[in-house]
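Spelled out from the first residue to the last, the chains are:
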Amino acid sequence: MAEASARKLYLHIDSVSKSFGAFQALKSISLDIYEGEFVCFLGPSGCGKTTLLRAIAGLDIQTSGRIEQGGRDISALPPSKRDFGIVFQSYALFPNLTVAENIGYGLVNTGKRRGEVQARVAELLSMVGLDGQERKYPMQLSGGQQQRVALARAIALWPGLLLLDEPLSALDARVRLHLRTELKHLQRQLGITTIMVTHDQEEALAIADRIVVMNHGVIEQIGTPEEIYRSPTTPFVASFVGQMNFFKAAASGAGELRIGNIDIVVPHASEYGKGEFHLCLRPEDVQVRGIRPDQGNVLEARIEGLEFLGSFCRAQLSALQDDAVRFQADFSINAMRDLDLAPGRSLSVALPQDRLRLFTSDQHR
Amino acid sequence: MAEMTMTAPRARRAEIAEGKKPPIIRPKASSDDFIMRGCLVLVGVFFMLTVVLPLYALLKKSVEDANGGFVGLANFVAYFQDPALTQSLENTVSMAVISTIVTLALAFGYAYALTRSCMPARGLFKAIALIPLLAPSLLPGLALVYLFGNQGVLKSLLFGESIYGPIGIIIGEVFFAFPHAVMILVTALSTADQRLYEAADALRAKPMKTFFSVTLPGCRYGLISAGFVIFTLVFTDFGVPKVIGGEYNVLATDVYKQVIGQFNFHMGAVVGLMLMLPAVVSFSADRLVQRKQVALLTARAVPLTPKPRSLVDGFSLLLCLMVSVFLLAILGMAAFGSLIKFWPYNLTLTLSKYDFGALGTGGWGDYFNSLRMATLVAVIGTTIVFVNAYMVEKSNGFRWGRNLIHFCAMIPLAVPGVVLGLAYIFFFNAPNNPLNFIYTTMTILVVNTITHYYTVCHLTAMTALKQVDAEFEAVSASLKVPFYKTFWRVTVPVCMPAIVDIGIYYFVNAMTTVSAVIFLYSSETKLMSIAALNTEDAGNTAQACAMGMTIVATSAVLRGIQALVAKRLQRRSQAWRMR
Numbered sequence: 001m002a003e004a005s006a007r008k009l010y011l012h013i014d015s016v017s018k019s020f021g022a023f024q025a026l027k028s029i030s031l032d033i034y035e036g037e038f039v040c041f042l043g044p045s046g047c048g049k050t051t052l053l054r055a056i057a058g059l060d061i062q063t064s065g066r067i068e069q070g071g072r073d074i075s076a077l078p079p080s081k082r083d084f085g086i087v088f089q090s091y092a093l094f095p096n097l098t099v100a101e102n103i104g105y106g107l108v109n110t111g112k113r114r115g116e117v118q119a120r121v122a123e124l125l126s127m128v129g130l131d132g133q134e135r136k137y138p139m140q141l142s143g144g145q146q147q148r149v150a151l152a153r154a155i156a157l158w159p160g161l162l163l164l165d166e167p168l169s170a171l172d173a174r175v176r177l178h179l180r181t182e183l184k185h186l187q188r189q190l191g192i193t194t195i196m197v198t199h200d201q202e203e204a205l206a207i208a209d210r211i212v213v214m215n216h217g218v219i220e221q222i223g224t225p226e227e228i229y230r231s232p233t234t235p236f237v238a239s240f241v242g243q244m245n246f247f248k249a250a251a252s253g254a255g256e257l258r259i260g261n262i263d264i265v266v267p268h269a270s271e272y273g274k275g276e277f278h279l280c281l282r283p284e285d286v287q288v289r290g291i292r293p294d295q296g297n298v299l300e301a302r303i304e305g306l307e308f309l310g311s312f313c314r315a316q317l318s319a320l321q322d323d324a325v326r327f328q329a330d331f332s333i334n335a336m337r338d339l340d341l342a343p344g345r346s347l348s349v350a351l352p353q354d355r356l357r358l359f360t361s362d363q364h365r
Numbered sequence: 366m367a368e369m370t371m372t373a374p375r376a377r378r379a380e381i382a383e384g385k386k387p388p389i390i391r392p393k394a395s396s397d398d399f400i401m402r403g404c405l406v407l408v409g410v411f412f413m414l415t416v417v418l419p420l421y422a423l424l425k426k427s428v429e430d431a432n433g434g435f436v437g438l439a440n441f442v443a444y445f446q447d448p449a450l451t452q453s454l455e456n457t458v459s460m461a462v463i464s465t466i467v468t469l470a471l472a473f474g475y476a477y478a479l480t481r482s483c484m485p486a487r488g489l490f491k492a493i494a495l496i497p498l499l500a501p502s503l504l505p506g507l508a509l510v511y512l513f514g515n516q517g518v519l520k521s522l523l524f525g526e527s528i529y530g531p532i533g534i535i536i537g538e539v540f541f542a543f544p545h546a547v548m549i550l551v552t553a554l555s556t557a558d559q560r561l562y563e564a565a566d567a568l569r570a571k572p573m574k575t576f577f578s579v580t581l582p583g584c585r586y587g588l589i590s591a592g593f594v595i596f597t598l599v600f601t602d603f604g605v606p607k608v609i610g611g612e613y614n615v616l617a618t619d620v621y622k623q624v625i626g627q628f629n630f631h632m633g634a635v636v637g638l639m640l641m642l643p644a645v646v647s648f649s650a651d652r653l654v655q656r657k658q659v660a661l662l663t664a665r666a667v668p669l670t671p672k673p674r675s676l677v678d679g680f681s682l683l684l685c686l687m688v689s690v691f692l693l694a695i696l697g698m699a700a701f702g703s704l705i706k707f708w709p710y711n712l713t714l715t716l717s718k719y720d721f722g723a724l725g726t727g728g729w730g731d732y733f734n735s736l737r738m739a740t741l742v743a744v745i746g747t748t749i750v751f752v753n754a755y756m757v758e759k760s761n762g763f764r765w766g767r768n769l770i771h772f773c774a775m776i777p778l779a780v781p782g783v784v785l786g787l788a789y790i791f792f793f794n795a796p797n798n799p800l801n802f803i804y805t806t807m808t809i810l811v812v813n814t815i816t817h818y819y820t821v822c823h824l825t826a827m828t829a830l831k832q833v834d835a836e837f838e839a840v841s842a843s844l845k846v847p848f849y850k851t852f853w854r855v856t857v858p859v860c861m862p863a864i865v866d867i868g869i870y871y872f873v874n875a876m877t878t879v880s881a882v883i884f885l886y887s888s889e890t891k892l893m894s895i896a897a898l899n900t901e902d903a904g905n906t907a908q909a910c911a912m913g914m915t916i917v918a919t920s921a922v923l924r925g926i927q928a929l930v931a932k933r934l935q936r937r938s939q940a941w942r943m944r
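From first to last, the protein sequence lines stand for chains L and Z. When we follow our numbering, the leftmost residue of the first sequence carries the number 1, and every step to the right adds one. When we follow our numbering, the leftmost residue of the second sequence carries the number 366, and every step to the right adds one.
Hints are not guaranteed to be accurate.
[Said to hold, decoys possible] With a Cα cut of at most 30 Å, we get these calculated DSS-like pairs of lysine-lysine:
(1) Lys850(Z) - Lys112(L)
(2) Lys81(L) - Lys27(L)
(3) Lys845(Z) - Lys136(L)
(4) Lys831(Z) - Lys136(L)
(5) Lys393(Z) - Lys81(L)
(6) Lys393(Z) - Lys8(L)
(7) Lys81(L) - Lys845(Z)
(8) Lys850(Z) - Lys27(L)
(9) Lys850(Z) - Lys81(L)
(10) Lys393(Z) - Lys27(L)
(11) Lys81(L) - Lys759(Z)
(12) Lys845(Z) - Lys759(Z)
(13) Lys706(Z) - Lys891(Z)
(14) Lys393(Z) - Lys112(L)
(15) Lys759(Z) - Lys850(Z)
(16) Lys184(L) - Lys845(Z)
(17) Lys81(L) - Lys891(Z)
[Claimed, not checked] Covered by chain Z, per the in silico footprint, the following chain L stretches (three or more residues, Cβ under 8 Å):
(18) 90-104
(19) 154-160
Honestly, the hints are just simulated from the structure, not real lab data. Where is the CB? At the ideal position from N, CA and C, for every residue including glycine.
Chain L extracted, bound-state conformation (with noise of 0.2 Å):
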């Protein structure tokens, strides 16, 4: 956040809230985009992820709030007045007109000389890779495509913020993967500020500079890929983004903490005071190598049963000591290998200290 303050403010989005009738869509959301900056809203469907982007577009202007562009309000300005290009889930292509003339729509109308047209028009078409397509019809395309004719046609007229609403999520997995990294090679050469609504979490982190988590009208978690994933500051975060373990725990107050009837270390338990709490951690960062007899949360567990996932394996484990407590651990396929797992086999494994997580119980998943 530190770097991110220092650029240039282009965004800023002050106490905006949307209601549909008795819906709240848009709780009192507040944020800061900069320049050049990509920046996803990520969240479930209904989370106001695409109503907020809708409100910055001008297309479902908010109820309350403020929103500055390039220090210019722009809060109550219809779409026309404003300074952005927008790439539908749909396209929106227009059907009837060829590529070249898609993507030429808004420049012809701006009163250039047709050779600038046609010049700027050659020029975007190279730019995402569609060279000699210009008289085909939309409908002559692959998805891919038209997504792309969609997004040269979005910045055909310089605009200073790209917003896409979900833009990949019509798209095969394995053309999607391809289009997300030359979208974001794309973005970085143009240095435009960019806002993509998703809700696939996977895609977020790829992609984005910085995550902005919503759920239910409100911002969740604001951050990097890495401090999302990572550091998620509240439960609902925690599992939406990733794979997570939830262990309901008890704490005395004096610093001890059980889930069931095992006691764990925890950093820092003691400020936490009495009361129950849910304590994260990743299937990835359960522990089943090196385990040091000092680093404590050691605790025996068998394998219930296991999911080969490629990569590495599932396992779904109970402890010994109490088999109310079950959890989820990735092995990767050499750890399965060297430690002969098998369901039903038992094995030691740690719940490292520094990769716990603690929640207050009051706070929504």
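Take the given structure of chain L and dock chain Z to it, following the hints.
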């Protein structure tokens, strides 16, 4: 959203005033928004003048006495005390009920044969079923006169009963309503899921059981909807009972007699309102039923492909042949009648009946009036309908206004032609109406016909527009292109098939309509369909047939042109259209 700020509850406004809530953003309207709202206001004025105020004038007339004083329900009381008038109410209901049952049964069998059997020539049978749409509704009446009239070829089949009366009305109405019912039922029967039939087979259900537990429930909304449509059509039809009804009075002919025959405008208004009653009831019931209709065909459904069943296919062919012979016989008899020198004594073929000038009537001038009106209705009507549907569907904010306009566009479906015509007399002929000058001009005929057939066109346009990507307007706004450029360059070309459909529907109906315009024409603007009715009234059935056939031929030629245009459009647009 503008409407939100406008309708914010008072309590909320108070909170804002006290500073509890942040100020509500009032979106600034763009020039696009202003143009769109301007168009919506214009359309609102259009509906005010063509639907709302005329109907209000009709309602007002029904509670006034001859001097314009308010008399409450006295006219209605007088109506129910007049045995002649209540008799025709009874007649109308029984005609409508019987015709509905007969048409529904025939149309269901026919539609079932078209969609679920493997009989040959299904395309041809489908085309034959739609023939009556090309004809004015008085044409079946004329043909029945030739077939079963006092000198009819098949008179003996009636065993001494007269065709002039209930029998003639029912046969004519079945002919007239049949294509409407078939179209609805074909749609209802086409949406079937093969998997349901496979499941029934796997459960060893007998064919009869499958029919009653899968087929019928699957199309019950279609049946109900078709039933309402036929009932309303027959209940309000003017052409058939006018020609073949004889002494058997129904409501639609009563309105005509009260107003044109006896100048009793107030009683005419009362009968007109009676005529609207079942239309309003069935219209609301239909809306209700459609709301309950759930999508039977989900994306995963497997469309049904009928398998050959010799018994079913045989019966299907037999039924379709019989119905087709009936439909073609009616049309053929009218054509034959128009080409005969002097029925039944001199059967020499002649074209003399098509020399419309010979009898001192309007001659071919009436035909050109019809053509002119149909063209104007098609061009102006289609433009108004499509632009209006676009504004209702695609503009931002102003939601209550858009809903109100959408509602206004639905009203004409519940207003029978005779009633609309009568309402126009009351409204436009009022001496204090500044629009009085359009009375007896071509303008009033065009406006009336556009309004009369508005709803079906509106729904066609809305359906087409809903299939257009909802984000085109958003994209063009982001590219700083005003909406009307995108409307012209993208929306109109994409919707062209629907626009052509609307235009043809308007043209054909404008050529065949009688009911509304009969109150509104003048000697300069007489239409061919009205000329046919008057000629028949004067006893010249043969020439009336010739006039009816001229209309049929014109509509048929236009349908042919439409098919060609559609093919060309498809070829030109196949590069970018999915199908």
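How the hints compare with the structure:
A threshold of 30 Å between alpha carbons decides the hint, and for Lys850(Z) with Lys112(L) the separation of about 17 Å falls inside it, so the pair holds. Distance restraint check for Lys81(L) and Lys27(L): the Cα-Cα separation of roughly 25 Å lies within the 30 Å cut-off, and the hinted pair is therefore satisfied. Among the hinted pairs, Lys845(Z) with Lys136(L) is consistent with the structure: their alpha-carbon atoms are about 24 Å apart, no more than 30 Å. Restraint check for Lys831(Z) and Lys136(L): the C-alpha separation of about 25 Å stays at or below 30 Å, so the hint holds.
At roughly 10 Å between alpha-carbon atoms, Lys393(Z) and Lys81(L) fall within 30 Å of each other, so this suggested pair holds. A distance of roughly 28 Å separates the Cα atoms of Lys393(Z) and Lys8(L); the hinted pair therefore holds under the 30 Å criterion. For the proposed pair Lys81(L) and Lys845(Z), the alpha carbon gap of about 8 Å is at most 30 Å, so the pair holds. With a C-alpha separation of about 37 Å, the suggested pair Lys850(Z) and Lys27(L) falls outside the 30 Å cut-off, and the hint is violated.
At most 30 Å may separate the alpha-carbon atoms for a hinted pair to count; Lys850(Z) and Lys81(L) meet this at roughly 17 Å. Our distance criterion of 30 Å between C-alpha atoms is met by Lys393(Z) and Lys27(L), whose separation comes to about 22 Å. Note on Lys81(L) and Lys759(Z): the hinted pairing holds, with a Cα-Cα distance of about 19 Å set against a maximum of 30 Å. For the proposed pair Lys845(Z) and Lys759(Z), the alpha carbon gap of about 17 Å is at most 30 Å, so the pair holds.
For the proposed pair Lys706(Z) and Lys891(Z), the alpha carbon gap of about 26 Å is at most 30 Å, so the pair holds. The suggested pairing of Lys393(Z) with Lys112(L) holds, with an alpha-carbon distance near 28 Å, which does not exceed 30 Å. The suggested pairing of Lys759(Z) with Lys850(Z) holds, with an alpha-carbon distance near 14 Å, which does not exceed 30 Å. As the CA atoms of Lys184(L) and Lys845(Z) are separated by approximately 26 Å, the hinted pair is consistent with the 30 Å bound.
Restraint check: the Cα-Cα separation between Lys81(L) and Lys891(Z) comes to about 54 Å, which exceeds 30 Å; the hinted pair is violated. Requiring three or more residues with a Cβ within less than 8 Å of a Cβ of chain Z, the coverage given for the region 90-104 of chain L holds, as 6 such residues are present. Beta-carbon proximity to chain Z at under 8 Å applies to 4 residues in the region 154-160 of chain L; the threshold of 3 is reached and the given coverage holds.
The structure fails hints 8, 17 (numbered hints given earlier, in ascending order).
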